[in-house]
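Residue numbers -11 to 508, in our numbering, belong to the letters of the sequence shown in order.
The reader is advised that the hints may include incorrect statements.
Said to hold, decoys possible - Subject to a maximum C-alpha distance of 30 Å in a straight line, what follows is the list of computed DSBU-like cross-link-like pairs (lysine-lysine):
no.: 1; residue 1: LYS363; residue 2: LYS62
no.: 2; residue 1: LYS430; residue 2: LYS97
no.: 3; residue 1: LYS190; residue 2: LYS430
no.: 4; residue 1: LYS97; residue 2: LYS147
No wet-lab data here; the hints were simulated from the structure.
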Amino acid sequence: MFEGLLRLVGIEPMVGGAVVPSPKAEERFLNARHDRLTADWRPYNQSASQELRWALRTLRARARQAAQDDDYFKKYLNLCVENVIGPRGIRMRPRIEGGGSETINKKRKEAIEREWREFCRPENLSVCGTVDLIDLLTIALRTILTDGECVFWIRYTGKYGMQLQFVDPDYLDENWSNFEYAGSQSVKNPIIMSVEKDVYGKPLAYWLSPPAGQLDAFNLLSTSRLRVPAEEMMHLFEPYRGNSSRGVPSAHTVLKRMHDLARFEEATIVNERVSAAKMMFIQKDVASMDEDELTDEDIIQNVEPGTVEILPAGYTAKEFDPKGVTTGLEEFRREFLKAIAAGLGVSYGALAQDQNNTSYSTLRAFLLADQNFYKMKQGFLIRKLLRPIFERFLLLNLPTIGIPVRAFDSCKYPAFTAQGFVSIDPSKDSNADKTDLENRVKSRSQIIEGRGEDPEEVFEQIEKENERFMEIDRAKMEMDAAAKAAANPNADPNADPNAGGESANQAKDNAVEGDDENDD
């Protein structure tokens, strides 16, 4: 009890009876101090929703403007689309786990792949009928990078029982929350930034409301807010924090820096344009002439190259020649772009398209880091978008495909093959793969997957090629036999080539045997 009283007054009891004053938080950690140098450093904490609630709309608007007007942010988006999705998109390869004969499993995989390919066509995949799977992936990736989140409404219509409709994140009003909503239950589920959650933080529903100024509002939004169950929505975002309800634009840390760099470049260009324009002003000597002696039409205003003009009496030409300041411009721009690239997650060389003064080892290290960044984005799209879509598609269409419902668990884990990456040194990497394969530390499937190909598809192609080569060799042998038969029409085509005559060695052996018999 006495020790507790000491702590209340700021005294910390020590072993042996000695006491010392309790240290303040500022003395425990240097970065927790409050002084004039840290006055602009935030000393308080807020939840993820509190931080985002009043900032998300502004961040999203500025990120969208950057996507429209900023060259470097547009390059960043293009880099992600090219390396994450690529020209062929992310392909699905069915897998059958568990029982069933090899023939049955092969037929099931072929049926699933055929129907999935048909489902991914624009008229079957999207409600609007204009978006196929590659378009869907591109829209999702660009929207997530720009807005921080992407929303799809699952409509149970169409040939395959489901279609997707893109929902602008603006329809989820980030400024609307309701902590007293009870719905049809006795418990009150909080609605945080238009996302209704249970007591564990699991999304239960999304509340859509048409934002002001929208020209493409949903016809179904007859009320101010429409509640859509979470089972019908796909809300894709990378969590800002563990309890995040909404996503944050990927450029939220570099938006101001990109804006400042754009304004700086614009001011520099204007300064250079002014300095490149040679201007001249006419100064009038009022004391030496009468104002009525000259009219405005007599003053020279345009001068052509190679001409000599005489100024009227009392007028003097004054040259105006501002000098442009370009010293340190490239270094300043480079440092800005390095910070922007670091904030976006890609290398400076890829973002600025500048490989000057870059060694091979540095370029390789940056390339591998970029590839890992793109692989993470590929995994995100596969986990959060493609796998849920495939599972719903499979569950709704198993009878149509010809697979019993009880076989759903054995078919719901397909392989998705994403965009591969070109090696910076193919020869060295191929030798390294060969060595790993010989040492049995890497499989052929791993090597093929690292190049963005499906191992099963490659193995099937190799098997078909081998069969084709065997057919070609067989046809060649038949052609050679036919040519020989045409050259010797009296020969028996089924006879042994060595039949009908003795070889030289055989004749010699026969002769030796005959001599031995005569000697006897």
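Right, here's what the structure says about each hint:
no. : hint             : verdict
1   : LYS363 to LYS62  : holds, 20 Å
2   : LYS430 to LYS97  : holds, 27 Å
3   : LYS190 to LYS430 : violated, 40 Å
4   : LYS97 to LYS147  : holds, 20 Å
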